[in-house]
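**Student:** Following the hints, position chain B against chain A.
Listed in order, the protein sequences are those of chains A and B. Mapped onto this note's numbering, the consecutive letters of the first sequence carry residue numbers 177 to 288. Mapped onto this note's numbering, the consecutive letters of the second sequence carry residue numbers 4 to 120.
Rather than coming from a laboratory, the hints here were simulated on the basis of the structure. It should be emphasised that the depicted structure is a prediction, and the values quoted were computed from it without experimental measurement. There could be a bad hint or two in this list.
Distance condition first, Cα-Cα at most 27 angstroms in a straight line; then the derived BS3-like pairs of lysine-lysine [stated by the list, open to error]:
#1 B/Lys90 <-> B/Lys68
#2 A/Lys284 <-> A/Lys255
#3 A/Lys288 <-> B/Lys45
#4 B/Lys46 <-> A/Lys288
#5 B/Lys22 <-> B/Lys90
#6 B/Lys68 <-> A/Lys203
#7 B/Lys46 <-> A/Lys284
#8 A/Lys255 <-> B/Lys46
#9 B/Lys46 <-> B/Lys90
#10 B/Lys46 <-> B/Lys68
#11 A/Lys255 <-> B/Lys45
#12 B/Lys22 <-> B/Lys68
#13 B/Lys45 <-> A/Lys284
#14 B/Lys22 <-> B/Lys79
#15 B/Lys46 <-> A/Lys203
#16 B/Lys45 <-> B/Lys68
Cβ pair distances, simulated, as ranges [said to hold, decoys possible]:
#17 B/Thr61 <-> A/Pro186: 39 to 45 angstroms
#18 A/Glu274 <-> B/Ser81: 27 to 33 angstroms
#19 B/Asn77 <-> A/Lys284: 35 to 41 angstroms
#20 B/Gly13 <-> A/Asp251: 41 to 47 angstroms
#21 B/Ser33 <-> A/Ser202: 32 to 38 angstroms
#22 A/Ser202 <-> B/Lys90: 25 to 31 angstroms
#23 B/Ser33 <-> A/Asn209: 24 to 30 angstroms
#24 B/Pro64 <-> A/Asn209: 22 to 28 angstroms
#25 A/Gly222 <-> B/Ser33: 29 to 35 angstroms
#26 B/Asp65 <-> A/Ser208: 22 to 28 angstroms
#27 A/Ser240 <-> B/Gln16: 42 to 48 angstroms
#28 B/Asn87 <-> A/Pro190: 45 to 51 angstroms
Ideal placement from N, C-alpha and C gives every residue a C-beta, glycine not left out.
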Amino acid sequence: DIVMTQGALPNPVPSGESASITCQSSKSLLHSNGKTYLNWYLQRPGQSPQLLIYWMSTRASGVSDRFSGSGSGTDFTLKISSVEAEDVGVYYCQQFLEYPYTFGAGTKLELK
Amino acid sequence: EVQLVESGGGLVQPGRSLKLSCAASGFTFSNYYMAWVRQAPKKGLEWVATISTSGSRTYYPDSVKGRFTISRDNAKSSLYLQMNSLKSEDTATYYCARQPYWYFDFWGPGTMVTVSS
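Only chain A is shown next, with the shape it has when bound in the complex (with noise of 0.2 angstroms):
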């Protein structure tokens, strides 16, 4: 199974300041087409998981331009920029490449 470690933020963020989250797959999530299989999540506190980024990269629809994905096949990174109140919550990294899907430990933001 593909193995999802996240690292942790440097908790409270001031607000406005920029946040950056980490995540490492165990094996490269670049698929033969192109395109790098990892999402990101974000579960506001007693809410359901809400997709924000999905092939690494693709802001999903109705998601703040605040939030950005990058990486490389193993290493990711979103970027949460001028941190808000309705930022708080666990950011969970998942990948698609392969079954089983798994998804990282999770990163807890808290607002300053």
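**Tutor:** Below, chain B alone, put in the same frame as chain A:
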């Protein structure tokens, strides 16, 4: 508006069975793969099952393979998860999710399953 609403959760004894349902609306259900994802209390997310548009193909992780069965009824826009031989480690909130092949783009509010004697 896309809506997914799970039901069927509850308290069940170890070794017993439970069937979850997910009612979908706001999109053409038969055009999408669907999935179940679970979250144990205070823990992270775990993918549980995926089913193809026709229902002919299903996929599971080893942790539930042979015990859980995902199915769908496209005429009723409904997704199901039959869970047999339940264990305490199956205790979790179970989410129904729409899967346009490469990601989960809509999630339901979840239904809680507690396996305990």
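**Student:** All the hints need checking, so say for each whether the structure fits it.
**Tutor:** Hint by hint, here is what the structure shows:
About 13 angstroms separates the Cα atoms of lysine 90 of chain B and lysine 68 of chain B, which keeps this hinted pair within 27 angstroms; it holds. The straight-line distance between the Cα atoms of lysine 284 of chain A and lysine 255 of chain A is roughly 14 angstroms, inside the 27 angstroms bound, and the hint therefore holds. Between lysine 288 of chain A and lysine 45 of chain B the CA atoms are separated by roughly 23 angstroms; this keeps the pair inside 27 angstroms, and the hint holds. Restraint check for lysine 46 of chain B and lysine 288 of chain A: the C-alpha separation of about 24 angstroms stays at or below 27 angstroms, so the hint holds.
The straight-line distance between the Cα atoms of lysine 22 of chain B and lysine 90 of chain B is roughly 14 angstroms, inside the 27 angstroms bound, and the hint therefore holds. At most 27 angstroms may separate the alpha-carbon atoms for a hinted pair to count; lysine 68 of chain B and lysine 203 of chain A meet this at roughly 23 angstroms. Only pairs whose Cα atoms come within 27 angstroms are accepted, and lysine 46 of chain B paired with lysine 284 of chain A is accepted, the gap being roughly 12 angstroms. Restraint check for lysine 255 of chain A and lysine 46 of chain B: satisfied, since their Cα atoms lie roughly 23 angstroms apart, inside the 27 angstroms limit.
Of the supplied pair hints, the one linking lysine 46 of chain B and lysine 90 of chain B holds, its CA atoms being roughly 17 angstroms apart against a limit of 27 angstroms. Taking the CA atoms of lysine 46 of chain B and lysine 68 of chain B, the gap is about 21 angstroms. The hint holds against a cut of 27 angstroms. This hinted pair checks out: lysine 255 of chain A and lysine 45 of chain B have alpha carbons roughly 25 angstroms apart, not beyond 27 angstroms. Of the supplied pair hints, the one linking lysine 22 of chain B and lysine 68 of chain B holds, its CA atoms being roughly 15 angstroms apart against a limit of 27 angstroms.
Annotation: proposed proximity of lysine 45 of chain B to lysine 284 of chain A holds, straight-line Cα distance about 12 angstroms (limit 27 angstroms). A threshold of 27 angstroms between alpha carbons decides the hint, and for lysine 22 of chain B with lysine 79 of chain B the separation of about 16 angstroms falls inside it, so the pair holds. Restraint check: the Cα-Cα separation between lysine 46 of chain B and lysine 203 of chain A comes to about 24 angstroms, which is no more than 27 angstroms; the hinted pair holds. Distance restraint check for lysine 45 of chain B and lysine 68 of chain B: the Cα-Cα separation of roughly 24 angstroms lies within the 27 angstroms cut-off, and the hinted pair is therefore satisfied.
Hint check: threonine 61 of chain B to proline 186 of chain A, Cβ distance near 42 angstroms, so the stated range 39 to 45 angstroms holds. Between glutamate 274 of chain A and serine 81 of chain B the beta carbons are some 28 angstroms apart, a value that agrees with the proposed interval 27 to 33 angstroms. A hinted range of 35 to 41 angstroms for the beta carbons of asparagine 77 of chain B and lysine 284 of chain A is consistent with their spacing of about 39 angstroms. Restraint check, glycine 13 of chain B to aspartate 251 of chain A: a C-beta distance of roughly 42 angstroms satisfies the suggested window 41 to 47 angstroms.
A hinted range of 32 to 38 angstroms holds for the C-beta pair serine 33 of chain B and serine 202 of chain A, which are about 35 angstroms apart. A hinted range of 25 to 31 angstroms for the beta carbons of serine 202 of chain A and lysine 90 of chain B is consistent with their spacing of about 27 angstroms. Distance hint for serine 33 of chain B and asparagine 209 of chain A: a CB-CB separation of about 25 angstroms, consistent with the stated range 24 to 30 angstroms. Look at proline 64 of chain B against asparagine 209 of chain A: about 24 angstroms separates their beta carbons, and that is inside 22 to 28 angstroms.
Remark: the range hint 29 to 35 angstroms for glycine 222 of chain A to serine 33 of chain B is upheld by a beta-carbon distance near 32 angstroms. Take aspartate 65 of chain B and serine 208 of chain A: their Cβ atoms lie about 26 angstroms apart, and the range 22 to 28 angstroms holds. In this structure the supplied range 42 to 48 angstroms holds for serine 240 of chain A paired with glutamine 16 of chain B, their Cβ-Cβ distance being about 45 angstroms. At about 50 angstroms, the beta-carbon gap between asparagine 87 of chain B and proline 190 of chain A stays in the expected band of 45 to 51 angstroms.
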